[in-house]
Amino acid sequence: MDFPELKTERLRLRMIEDPDLSRLVQLANSYEVTSRLSGMPYPFTEEYGKFYINRGRNNDPEKVVLWAIDDGTGLIGCIWARFEDAQGWTGYWLGEAYWRRGYMSETLRTVLRFGFEQRSVTSFEADVFKDNPASARLLHKMGFSEVGEETIPSEGRGGMMVSYVRLALPKAEFVDLAEAEG
Amino acid sequence: MIFPELQTNRLILRAIQPDDYARLRFLFSDFDVARMTASFPHPITDDWARGFVTRNHSNDLNKDVVWAIDNGTGFIGSIGAHEIGETASLGYALGKYYWGRGYMTEAVQAVVNYLKIERCVDNVEACVFLENPASFRVLLKNGFTPTTVCVRSSVSRGTHEVEAQEFKLDLAQSVEQPQLAVGGIR
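In order, the protein sequence lines correspond to chains A and B.
Okay, so the first sequence: first residue is 1 according to the working numbering, each after it adds one.
Okay, so the second sequence: first residue is 183 according to the working numbering, each after it adds one.
Worth double-checking, as some hints may not be accurate.
[Stated by the list, open to error] Calculated pairs, SDA-like style, for lysine to any residue (alpha carbon to alpha carbon, straight line, at most 20 angstroms): (1) 63/A <-> 101/A; (2) 323/B <-> 106/A; (3) 350/B <-> 101/A; (4) 323/B <-> 98/A; (5) 50/A <-> 344/B; (6) 350/B <-> 29/A; (7) 50/A <-> 343/B; (8) 50/A <-> 328/B; (9) 350/B <-> 71/A; (10) 278/B <-> 29/A; (11) 323/B <-> 100/A; (12) 350/B <-> 63/A; (13) 7/A <-> 106/A.
[Stated by the list, open to error] Just some of the chain B residues that point at chain A, by a computed CB distance under 8 angstroms: (14) 299; (15) 312; (16) 313; (17) 315; (18) 318; (19) 347; (20) 348.
[Stated by the list, open to error] Example chain A residues on the side facing chain B (calculated, C-beta under 10 angstroms, incomplete): (21) 26; (22) 72; (23) 74; (24) 96; (25) 97.
Just so you know, these hints were derived from the structure itself, not from any lab.
Beta carbons: idealized from backbone N, C-alpha and C, even for Gly.
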């Protein structure tokens with residue numbers, strides 16, 4: 001199966017490649033970024049970056065897709081989705097310099113649409129740390145609602161246990177509207 | 183030309199003085215500061231710090247103006263406008279203890295206003311490493327727009343080539359932002 005490259009209004013969602021390494025480390029080696037994620041270590045070293053790229057490239061795209069988010073100058077963040085029959089999961093990060101510009105909004109919307117329309121997903125799930133209101137707002141805007149609360153170690157915070165909220169989005173509640181952003 | 187001292191709500195932008203040497207050396211010896219600049223070495227040597235003070239004290243002010251940023255306690259950072267003509271480029275550095283307080287946003291606004299009003303500059307340029315979102319915010323708050331991404335060397339990191347975002351501010355179209363302190367000539 002071919003890698004499912006996607007396009008948003010301003011961005012290209014493409015396979016991560018070896019030449020992304022320096023940009024990946026430049027943006028991901030940030031406590032502001034990794035402390036909001038469960039699985040990305042801080043410091044985010046070049047060695048880890050190579051592992052991250054390899055893993056991203058070698059996924060079976062039927063089951064897991066990792067997209068590099070590219071604004072035309074190169075990688076500015078990543079988004080992944082996992083598919084298991086009718087259930088989808090997603091997660092994402094963006095380099096801090098690219099926050100607050102609506103980039104993740106159009107990216108996430110495009111990936112959710114892909115899951116619902118191309119992959120027979122009927123419900124997506126996403127997790128967000130309780131102290132990350134910006135990301136929670138984004139998920140709510142897409143139509144996600146809270147289904148539970150748990151804790152998980154954050155590698156970006158040195159393995160510290162962090163509370164997170166589980167959110168779910170049934171297909172019928174997906175708000176697929178760019179205009180909803182205002 | 184008399185040195186163009188500027189004032190903001192909280193800051194004085196003044197000429198760098200020999201007295202600033204110790205504070206400058208102490209604050210700019212921090213790798214977290216140096217790594218975000220293109221030209222600062224790390225570690226900083228006596229010669230480099232003295233050179234910074236004397237070079238910027240004896241600039242041709244028609245072309246290059248480098249200000250000490252002073253919050254009333256002394257030197258806390260520096261900001262420079264370079265190759266002043268129809269365009270000018272901006273560079274700045276602030277001691278880490280003074281980050282996160284809006285000081286540099288204030289200083290950039292004062293310098294931009296000076297360049298616009300006193301020097302009739304049309305376009306101001308600046309370049310920021312991609313891992314420096316705080317500096318992105320300083321420029322975005324001042325109305326700069328990101329243009330292209332380029333590769334710059336960073337002396338403090340060795341010869342490493344680092345990706346950087348170029349920013350541009352078109353002063354012909356810019357509107358002064360009233361919520362910020364307005365810098366003026368003293």
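Status of the hints after comparison with the structure:
Taking the CA atoms of residue 63/A and residue 101/A, the gap is near 30 angstroms; set against the 20 angstroms cutoff, the hint is violated. For the given pair, residue 323/B sits about 23 angstroms from residue 106/A by alpha-carbon distance, which is inconsistent with the 20 angstroms threshold. Proximity of residue 350/B to residue 101/A is assessed by CA-CA distance (about 18 angstroms); at most 20 angstroms being required, the pair is judged to hold. Between residue 323/B and residue 98/A, the direct Cα distance comes to roughly 14 angstroms. Compliance with the 20 angstroms bound is thereby established for this hinted pair.
Of the supplied pair hints, the one linking residue 50/A and residue 344/B holds, its CA atoms being roughly 18 angstroms apart against a limit of 20 angstroms. With a C-alpha separation of about 27 angstroms, the suggested pairing of residue 350/B with residue 29/A is violated against the 20 angstroms cut-off. Taking the CA atoms of residue 50/A and residue 343/B, the gap is about 18 angstroms. The hint holds against a cut of 20 angstroms. Between residue 50/A and residue 328/B, the direct Cα distance comes to roughly 29 angstroms. Violation of the 20 angstroms bound is thereby established for this hinted pair.
A distance of roughly 18 angstroms separates the Cα atoms of residue 350/B and residue 71/A; the hinted pair therefore holds under the 20 angstroms criterion. For a cut-off of 20 angstroms, the pair hint linking residue 278/B to residue 29/A stands: about 19 angstroms separates their Cα positions. Simply put, residue 323/B and residue 100/A have alpha-carbon atoms about 12 angstroms apart, close enough for the 20 angstroms limit, and the pair holds. Only pairs whose Cα atoms come within 20 angstroms are accepted, and residue 350/B paired with residue 63/A is rejected, the gap being roughly 43 angstroms.
With a CA separation close to 9 angstroms, the supplied pair residue 7/A and residue 106/A stays within the 20 angstroms bound. Among the interface hints, the one on residue 299/B is violated; its C-beta lies about 30 angstroms from the nearest C-beta in chain A, farther than the 8 angstroms criterion. Interface restraint check: residue 312/B against chain A, minimum CB-CB distance 5 angstroms, threshold 8 angstroms, status holds. The restraint placing residue 313/B at the interface with chain A holds, with a minimum CB-CB distance near 5 angstroms, inside the 8 angstroms limit.
With a cut of 8 angstroms, the hint placing residue 315/B at the interface with chain A holds, because the nearest CB-to-CB distance is about 4 angstroms. Interface restraint check: residue 318/B against chain A, minimum CB-CB distance 5 angstroms, threshold 8 angstroms, status holds. The restraint placing residue 347/B at the interface with chain A holds, with a minimum CB-CB distance near 7 angstroms, inside the 8 angstroms limit. Using the Cβ-Cβ criterion of 8 angstroms, the hint placing residue 348/B at the interface with chain A is not satisfied: the shortest such distance is roughly 10 angstroms.
Taking 10 angstroms as the C-beta contact cut-off toward chain B, the hint placing residue 26/A at the interface holds, the least distance being around 5 angstroms. Of the supplied interface hints, the one on residue 72/A holds, with its beta-carbon coming within about 9 angstroms of a beta-carbon of chain B, less than 10 angstroms. Hint status for residue 74/A: holds, given a least beta-carbon distance of 7 angstroms to chain B, under 10 angstroms. The interface hint given for residue 96/A is met, as the beta carbon of that residue sits about 4 angstroms from the closest beta carbon of chain B, less than 10 angstroms.
Proximity of residue 97/A to chain B holds as hinted, the smallest CB-CB distance being about 4 angstroms (cut-off 10 angstroms).
Going down the numbered hints, you'll see the structure goes against 1, 2, 6, 8, 12, 14 and 20, while the others check out.
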